[in-house]
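Q: Use these hints to put chain X onto chain L, whose structure you have.
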Amino acid sequence: MAPLLELRNLTVRLNGFALQGISLSLMRGDYLVLLGPSGCGKSTLLRTLVGAYAVEPGVLFLEGEDAGALPPHLRRIGYVAQSVDLFPHMDVAANIRFGLAYLPLTAQEKRLQFERIVELLGVRALLGRSPANLSGGEGKRVAMARSLVVSPRALLLDEPLSGIDEFARPEMLRTLRMLHDELGTATVHVTHDRDEARRIGGRCAVMRAGKIEQIGATEEIFRAPATPFVAEFLGKGGE
Amino acid sequence: MTVSRKTRSTIVFSLLAAHLAAVVVLCALGVIRPLELFNLLLLAANAVIAIILLREKGDLLLGAGSMFLIAAHAAIGNRLAPDALTSGALLMVNLIILYVGVKLNRHLPARYWYAFVAGYFALFFLFILGMKNAEALFLLFALGLAACSRSMRLLACFWCVTLSFTFCQPYAWESTFISLFIVTALFGARGLLRSRTALLFLGIGLALLFLVLLPVIIVLLGEDPHNLLRVLGDARVRSAIGVTLLTATASTLFLALFTVPLAYAMSRLRFPGRTLLLSLMDVPIVVPQSVAGIALIAVLGRQQFLGETFFNLFGLRFDGTLLGICAAQVFVAMPFLARPAIAAFDGVPEGLEMSARTLGAPSWSAFRRVALPLASRGIFLGAVLAWARAAGEFGALLFIAPTPESAPIAAWNRFNSVGVVETAPLVALLLLFSMAMFFLLQVATRALPAARGGRLGD
Chain L
2 MAPLLELRNL
12 TVRLNGFALQ
22 GISLSLMRGD
32 YLVLLGPSGC
42 GKSTLLRTLV
52 GAYAVEPGVL
62 FLEGEDAGAL
72 PPHLRRIGYV
82 AQSVDLFPHM
92 DVAANIRFGL
102 AYLPLTAQEK
112 RLQFERIVEL
122 LGVRALLGRS
132 PANLSGGEGK
142 RVAMARSLVV
152 SPRALLLDEP
162 LSGIDEFARP
172 EMLRTLRMLH
182 DELGTATVHV
192 THDRDEARRI
202 GGRCAVMRAG
212 KIEQIGATEE
222 IFRAPATPFV
232 AEFLGKGGE
Chain X
2 MTVSRKTRST
12 IVFSLLAAHL
22 AAVVVLCALG
32 VIRPLELFNL
42 LLLAANAVIA
52 IILLREKGDL
62 LLGAGSMFLI
72 AAHAAIGNRL
82 APDALTSGAL
92 LMVNLIILYV
102 GVKLNRHLPA
112 RYWYAFVAGY
122 FALFFLFILG
132 MKNAEALFLL
142 FALGLAACSR
152 SMRLLACFWC
162 VTLSFTFCQP
172 YAWESTFISL
182 FIVTALFGAR
192 GLLRSRTALL
202 FLGIGLALLF
212 LVLLPVIIVL
222 LGEDPHNLLR
232 VLGDARVRSA
242 IGVTLLTATA
252 STLFLALFTV
262 PLAYAMSRLR
272 FPGRTLLLSL
282 MDVPIVVPQS
292 VAGIALIAVL
302 GRQQFLGETF
312 FNLFGLRFDG
322 TLLGICAAQV
332 FVAMPFLARP
342 AIAAFDGVPE
352 GLEMSARTLG
362 APSWSAFRRV
372 ALPLASRGIF
382 LGAVLAWARA
392 AGEFGALLFI
402 APTPESAPIA
412 AWNRFNSVGV
422 VETAPLVALL
432 LLFSMAMFFL
442 LQVATRALPA
452 ARGGRLGD
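Chains as they are written, first to last, in our numbering: chain L, 2 to 240; chain X, 2 to 459.
Calculated from the structure, these hints are not laboratory results.
To give an idea of the interface, some chain X residues facing chain L are shown, with a C-beta separation under 10 angstroms as derived from the structure:
id, residue
1, A357
2, A362
3, V371
4, L375
5, P450
Computed from a prediction, not measured in an experiment: that's the story for all the values here. All residues carry an ideal CB built from backbone N, CA and C; glycine is no exception.
Bound-form chain L, shown alone (with noise of 0.2 angstroms):
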């Protein structure tokens, strides 16, 4: 079976950064931690593969087709940006109602979907608030269930744990891990922190100014650091 997404030698070029022969694969039910430094091109990646940018074709698979040239709406592809993007003049039921609007869905159907997503998130209480008062965590918990409503073939999320406080970010990596073990949805969870990235476990890549320095299981690669810079970056992490 064709993987859900796949990356073959990508190269995207924006003015003066370029992410350089990046090939990757993700299968249905995968986590993926992107790990590295900032700036090393994480968020380029998920923005790419979201549809910001223009890729040439043969490079960006979708199920087995190619995407290169398929616009951000037909992707399917969830994304929770590190500024969570929530829309500041709707407040928290609607933020999550809003891509039910192109399902070809009854009403009924988007009901219930809409009911079990905030279920499973537990942002009932949140829902008639505006997303200007939602703390760190909140925020991130409404784009989740945002993203994820549509029943997206992908969830990336782009530093889910910053602008949550140290207490609060073991209730939110649990959150995620049930997450995906209740929804199944294939994510690329990007962090910078490698504590984060050994905690979650799963398959992880580490990346280094624009290319991919080394990829697979995260036990892997803490053990057996392919490159001096992966052994470098995961190394102080042990501590």
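A: Coordinates of chain X only, in the frame set by chain L:
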């Protein structure tokens, strides 16, 4: 004030003795009659105060001061005032002023005391030395000063009114209104630093701003409502106002229809010639109104190619029609909507639209449901400016469409035929109309969403 019992009684008795001595001497000189009721009352009052003070009650400064004032009035009161009643009133005023002065000295920082004393002398110079026969006014204002002197803000308001009515006589009300506004702003100003520099700028800036707006304020406040209603009853005036409201609204709607989408494109896309286009949009601002009018006639007028073509196609003329008014208004008002609209779309983070796209929204939908609502406040504000600019257009209209008569043209025609005095009510009415509309729209703008305040996390 803590003084020994001995000093206290010395002061009290010497004041009482001075009072008595003065009365005796004046009686002996025949200046006053000894058994006059007023003099007996004064003596009694001083005796009462003396007893209170001797029993260690009451405030020594206040009491001694009162005794001194009463004694002084007993001695020279009838010289100052024509009769006992006036003299009594004068004494009461002086006592109140003494009371206020003493209280300020006791309970408030020294500057209140200085401000009070300085104010008292300023009033004295203003009314007693500066004006003739203004003693009553002086007393009135001195009482006002005393009443206001416990609060710096109140004191500032007092001086606003006093100076407005003494120095800015023909425009006393306008001046009062303006200065009170400035004082309220200054004393109400809040800020993390409450920087004195910023406060100074605020005061000077507001003063100059009002100076600039003075003609408008004077015309507005100078007309009585009755006059305005009479002008409004004039069919010609009503029709002119109607023409202006109609054409300005139509022009703004037309502008919005093509400027807002263009602004969105300008904000979201980078394309060759974008900078040039941005500058071109501002051209109407730099073109003098008369030039604009002639240019429009040269293109859209009779026997001009575009004008004739339009006439052949739709049977509509530009010169001397509502359409012509709209053409001129669209031309001059365009930048006032285009610029704010671009800025409004620039203020909507692209990430929001990106989110919408990943949720399945096609680009049109992302524009309609995210970018447009969030930019709506800025766009509406621009539309209000454009509307005001369109409604106020005069120069270009004079050339392309002096008829049907719009409001600015009506003011001009009236001024030419009957002069400034007769035109003033009409002008005030037009001002009132446009300002009311302007403020209404500004307030309505606040109800619209803005892009700010939506960011979460970091």
